[in-house]
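Hey, can you work out the whole structure from these sequences and the hints?
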Amino acid sequence: GSEMAQLLSRSFFTFTSNSVVYRRHALMETGGHPEALDWQADWFVNHVLAFRHGACYLPGVYCPTRVRGESFSARGLADAQEQKTRVLRALDMLRQDEYADVAHAFREAGVLPEMSLRALTWAAASPAHRGYLSAKLLRRACAFSLWSLFRPLLPHPARRFARWLFGGLTCRWRSELRGGSGSRAES
22 GSEMAQLLSR SFFTFTSNSV VYRRHALMET GGHPEALDWQ ADWFVNHVLA
72 FRHGACYLPG VYCPTRVRGE SFSARGLADA QEQKTRVLRA LDMLRQDEYA
122 DVAHAFREAG VLPEMSLRAL TWAAASPAHR GYLSAKLLRR ACAFSLWSLF
172 RPLLPHPARR FARWLFGGLT CRWRSELRGG SGSRAES
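Just so you know, the sequence shown maps onto residues 22 to 208 in the working numbering.
Treat the hints loosely; a few may be bogus.
Label-pair distances were calculated between CB atoms; the ranges are [said to hold, decoys possible]:
no. : residue 1 : residue 2 : range
1   : 168       : 76        : 19 to 27 Å
2   : 175       : 76        : 24 to 32 Å
3   : 45        : 78        : 17 to 25 Å
4   : 85        : 48        : 17 to 25 Å
5   : 99        : 39        : 33 to 41 Å
Hints in this document: simulated from the structure, not taken from any laboratory. Backbone N, C-alpha and C fix where the C-beta goes; we use that ideal spot for every residue, glycine too.
Shown next, in the form of structure tokens:
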């Protein structure tokens, strides 16, 4: 779990559920997709399975995604109160005994079902959920929010370049902070 959490915390990778291939036995062991999370259930299960069993990433587009405004998840995301309920339920589930083995990995990775400032506000306003917040989660939610704001304004090649640039800078910064050999020589 910890190795996967570190990997996720170093990138903006997320599991696109329509491209995930599950091991049926592992999925059934988790109890499947929790109904209480509705459109966030796949996000939750994807992370639980990755933290427990690992994941294999194959670069490429295997299933293009188009979010339609009338879809189940789009309607749910647009309803702030409903989305807040699902985000806080996911955090509640992490306090249950059946997820105790992965709860720390979720927090270490700095992930939420919705990576946004509004989701951080929901958790911060709830005494039961404040303990999940961290500086890492704040940085990641701010970065995701900024990316969501500017992404539609950028042409596709600029978006690819920005992802490449930011991904490389993130790795170099972390290496330098740790005093690793990946840092550039000082001039």
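Hints the structure violates: just list their numbers, smallest first. 5
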